[in-house]
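Chains L and F, in that order, give the protein sequences. So that you can map any letter, position 410 of the first sequence is 410 in my numbering, and since no number is skipped, the others follow by simple counting. So that you can map any letter, position 2 of the second sequence is 2 in my numbering, and since no number is skipped, the others follow by simple counting.
Rather than coming from a laboratory, the hints here were simulated on the basis of the structure. All C-beta atoms in this analysis are idealised placements derived from N, C-alpha and C, irrespective of residue type, glycine included. Where hints are given, some of them may not hold.
One side only, chain F facing chain L, incomplete, derived with CB under 10 Å [stated by the list, open to error]:
no., residue
1, Tyr70
2, Glu72
3, Arg87
4, Thr111
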Amino acid sequence: MTDVAKQTNTVSLTIDGIPVTAEKGELVIRVAERMGIAIPRFCDHPLLAPAGACRQCLVDVEGQRKPVASCTQTVAEGMVVRTQLTSEVAAKAQGGVMELLLANHPLDCPTCDKGGECPLQNQAMTNGRADSRFHEKKREYEKPIHISSQVLLDRERCILCQRCTRFSEEIAGDKFIDLMDRSSGEQINVYRDDFFGGRGTGDGQVGEGEGDIAFNSYFSGNTIQICPVGALTGEQYRFRARPFDLVSTPTACEHCAAGCSMRADHRRGKVLRRLAGDDPAVNEEWNCDKGRWGFQYQVADDRIMTPLLRDAATGEFREASWSEALLAAAEGLTAAKSAGVGVLAGGRLTVEDAYAYAKFARVALDTNDVDFRARPLSAEEADFLASSVAGVADVTYDDVENAPAAVIVGLEPEEECPILFLRLRKAHVGRKIQVTAVAPFLSRGFEKLGAALVAAVPGDEARLLAGDPAIAATLSTPGALLIVGERLATVPGGLSAAAELAARTGARLAWVPRRAGDRGAIDAGCLPNLLPGGRPVGDPAARAEISLAWNVEAGALPSRPGRDTDAIVAAAAAGQLGGLLVAGVDPGDLADPRLADQALDSAGFVVSLEIRHSAVTRRADVVLPVAPAAEKSGTYLDWEGRLRSFGTVLPSTAMTDGRVLEAIAALMDVPSSHPATTQNRTKGISLGTGDVMAIRRELGAMPPSKAPRPAAPAVAASALPEAGQHEAVLATWHHLIDLGSMLEGDKVLAGTARPPVARIGKDLAEALGVADGDAVTVGTDRGAITLPAAVTDLPPRVVWLPTNSPGSTIRRSLGVTAGAVVRLSASASSGATS
Amino acid sequence: MGTFTGSFKGFGVTFAHMFRKVITTDYPFSPPTPAPRYHGRHILNRHPDGLEKCIGCELCAWACPADAIYVEGADNTDEQRFSPGERYAGIYQINYARCIFCGLCIEACPTRSLTMSNEYELARDNRQDLIFTKKELLAPLLPGMEQPPHPMRLGETDKDYYLGALTNPGTSVGAERAPWATNEAEDGTGQAAKEAV
Ligand code: SF4
Ligand code: SF4
Ligand code: FES
Chain L
1 MTDVAKQTNT VSLTIDGIPV TAEKGELVIR VAERMGIAIP RFCDHPLLAP
51 AGACRQCLVD VEGQRKPVAS CTQTVAEGMV VRTQLTSEVA AKAQGGVMEL
101 LLANHPLDCP TCDKGGECPL QNQAMTNGRA DSRFHEKKRE YEKPIHISSQ
151 VLLDRERCIL CQRCTRFSEE IAGDKFIDLM DRSSGEQINV YRDDFFGGRG
201 TGDGQVGEGE GDIAFNSYFS GNTIQICPVG ALTGEQYRFR ARPFDLVSTP
251 TACEHCAAGC SMRADHRRGK VLRRLAGDDP AVNEEWNCDK GRWGFQYQVA
301 DDRIMTPLLR DAATGEFREA SWSEALLAAA EGLTAAKSAG VGVLAGGRLT
351 VEDAYAYAKF ARVALDTNDV DFRARPLSAE EADFLASSVA GVADVTYDDV
401 ENAPAAVIVG LEPEEECPIL FLRLRKAHVG RKIQVTAVAP FLSRGFEKLG
451 AALVAAVPGD EARLLAGDPA IAATLSTPGA LLIVGERLAT VPGGLSAAAE
501 LAARTGARLA WVPRRAGDRG AIDAGCLPNL LPGGRPVGDP AARAEISLAW
551 NVEAGALPSR PGRDTDAIVA AAAAGQLGGL LVAGVDPGDL ADPRLADQAL
601 DSAGFVVSLE IRHSAVTRRA DVVLPVAPAA EKSGTYLDWE GRLRSFGTVL
651 PSTAMTDGRV LEAIAALMDV PSSHPATTQN RTKGISLGTG DVMAIRRELG
701 AMPPSKAPRP AAPAVAASAL PEAGQHEAVL ATWHHLIDLG SMLEGDKVLA
751 GTARPPVARI GKDLAEALGV ADGDAVTVGT DRGAITLPAA VTDLPPRVVW
801 LPTNSPGSTI RRSLGVTAGA VVRLSASASS GATS
Chain F
1 MGTFTGSFKG FGVTFAHMFR KVITTDYPFS PPTPAPRYHG RHILNRHPDG
51 LEKCIGCELC AWACPADAIY VEGADNTDEQ RFSPGERYAG IYQINYARCI
101 FCGLCIEACP TRSLTMSNEY ELARDNRQDL IFTKKELLAP LLPGMEQPPH
151 PMRLGETDKD YYLGALTNPG TSVGAERAPW ATNEAEDGTG QAAKEAV
């Protein structure tokens, strides 16, 4: 080591007599950790700012009058540190702190969820006294108090380390609990925030009282995970098991495109809890509450366990054996093929399963009518995905953290990609990233990012991206990011403008979908214009590459680009399709749910592969149950394009979609001219998607595409709709916790959802004569939604509603989506509480 | 004539035994009484008002070297209360096909809920019946006890149950002793003992 380096970057010190070099500014506790010296600690957490709250980490530093907290002490040149291992002083100090921490700590380890994995329990054994000198009565609190419907707080167990409050403030930005009172009565208690409608009495009686809505944060579960004692526990897991009962399996989250790594703990064939996994490149050590608790759908009552067949005679469902149901599906699809079968794959599939659908459509159904998009979409989007997303993994979480500026369009990160939000927030807090939100208003998430607003009436984003000089200037900073959400698809010209803007300014472009399977489905070829690996359907060379990989006759793959979800639905509704093959799709998510229902009714033959009963299974002819994420292995691609592979958590007999499709294909009739006849088969198609490993091998063996990347779309922005008297333009996005099919029926989780409100600007509030909390009705020709108003700083004549929350299912009830003109009126029944 | 005396010598042992105390037992007609601390079938004890002492903490299951105990905790509510405090054992099972009667579970139990009786007649003709559940394991209701679920009768909080619990005589009187000690015919599940009290 050179002297220069020593002077500028590193210092030398000794810990327990062992010389060590450390970076300037490093904390003593971290350096000791690196050397394998464990200093007991509670409040210290590598991702939180040092606090020095618990004093358990005291060490003896030569020249200091008193022991110092090693978690706040930075290293210095020539420092001589002695830990409890070599210093009586340090050991005595730590023992004293432990004794005081235990003075008021209840002895209820036998009933405490943390017992068995508790840092306090463990460190009391390693560093504490064997007996207690305190015989006085311990402090008592009412226990437990509900911080939210999910999080419970037993205050007497708390050691006031403030990890939870620091997390909520530093990381999540939701200051929902805080230290209150003083001296021996000092306690963690609920912090109320009127944004969430909290009207607490301050007496700790939370969630019980009248009008008393417990606050919640989308990240509240993390506080349970980092609480070093059992003060914070989760409603769903409380008393369900002890740590030693659980079998832990690393897995990945199946909910959103953030790609959190997770740990699932199961006991006796049932997942009891999920924890955030530790993946510094993706979710660090955090996850969101939806990922943590949204797994009850696997054990829901309406889970489908056996295949169902619609009885030709009665029109009723009956349970069928697998062989009968598979044969019925195969025969029905074979018969429907000549009239065309559309495949709606949905955004919930693993890469492997999505690939199976893509292959099944092309090989078994001879069609490119396959689309994963179960939401409003556009043809422009398909072109954009082909030109700028498929096969691209340009922007990572790390880039987000280090970016000087980010422009976010068509995405509300906290609601739609919570871990991306946490990373943006980290960048905001740490490096002061300059966030620009092109949105109708600054949502709470954007506020927490310190975002500057470029106010956009829905539909106007394309014009702003193309023409706003401030946006272009921001993006011209080297390293700047343009982050677009899937919602931009519904703005004509929006994605074209984004691609053009990125090319013009040199900013890197990231496309962030909402569902975990969306990104993977693109690369797996679940689009009408793309084959696996981002190969354009219209390119003969690309088709040839795939025919080679799939071992089918060259030229046999369908060459005409297929129909997208909307076109498939329209064709089926018009009776022009022979059949539909539907994976996990909720018609209520599609642009026009009523048309989708009609499509399912009029399509000749509907096969549904589902986990739980849904609007699709009720209309299907054959329902085949498939495995939920916990019961299969697979891979998701997160929004970065990063592989998130996971193994089976619970072994079960449930089959993957790929395996079911393979079984159907094997029973399908092949006309003699069919491609698969190259394998000398006269009946049955061999799909080869039955085994996840086989699919991975097949995908891995596929050479990178040589087909040229199609050009980005260049769709012109369209004129803004005019909202007349008592009309407004609709803005909308999903709440993170809403009525999504995987969360349906989960009451405890639903209790932490944000209350649905109709946001209107001051102009509309005045015109309608409503104030905050008064009921407002938003209507179209199809229906109406009435919600309490929240007067927000919106552009004139814009109303915002949550897309799919209780009382606000806008696609089902209104039949429109963002950018549409809706009617507004003040409801008679005003004064509804939020 | 060494042979003659020799055979008497040999028979001597036999004859001597004829007049000694027999060590075989007349089972099942008069079963032997084991030592007072004999490790027999477990009991889940009750508080004086009938609430269960078990808090579902699973420490017994944790301590068990044979993995014979299975417990699942559950929440007491004000409407459905089985034990004082927040937690009770929703499921409690001891598998006597596995149990080695070491008594480590008894030592682990923080509430003295789990104790052992002297009952040793645990043979069954199928494995399923060897899994004893709360139904078989819970101590019988003594006079003054009430079948849970019911509210806490001894006081407002669980403290009223635990403070002084050491001097509280225990509630398994009757179940602690083997059924034959009460001279009752025995049906193998301790039912007789339950009826006796
Ligand atoms: S509740 Fe837990 S995390 Fe929060 S201050 Fe108390 S001990 Fe620390
Ligand atoms: S018997 Fe005792 S050790 Fe076992 S679960 Fe019940 S209270 Fe805990
Ligand atoms: S860990 Fe250092 S003071 Fe808490």
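Going down the list of hints, with the structure as the test:
1. Tyr70: Nearest chain L Cβ about 9 Å off; hint holds.
2. Glu72: holds, 7 Å
3. Arg87: Check passed: Cβ of Arg87/F comes within 5 Å of chain L, closer than 10 Å.
4. Thr111: Holds: closest Cβ of chain L sits about 8 Å from Thr111/F, inside 10 Å.
The structure shown violates none of the earlier numbered hints.
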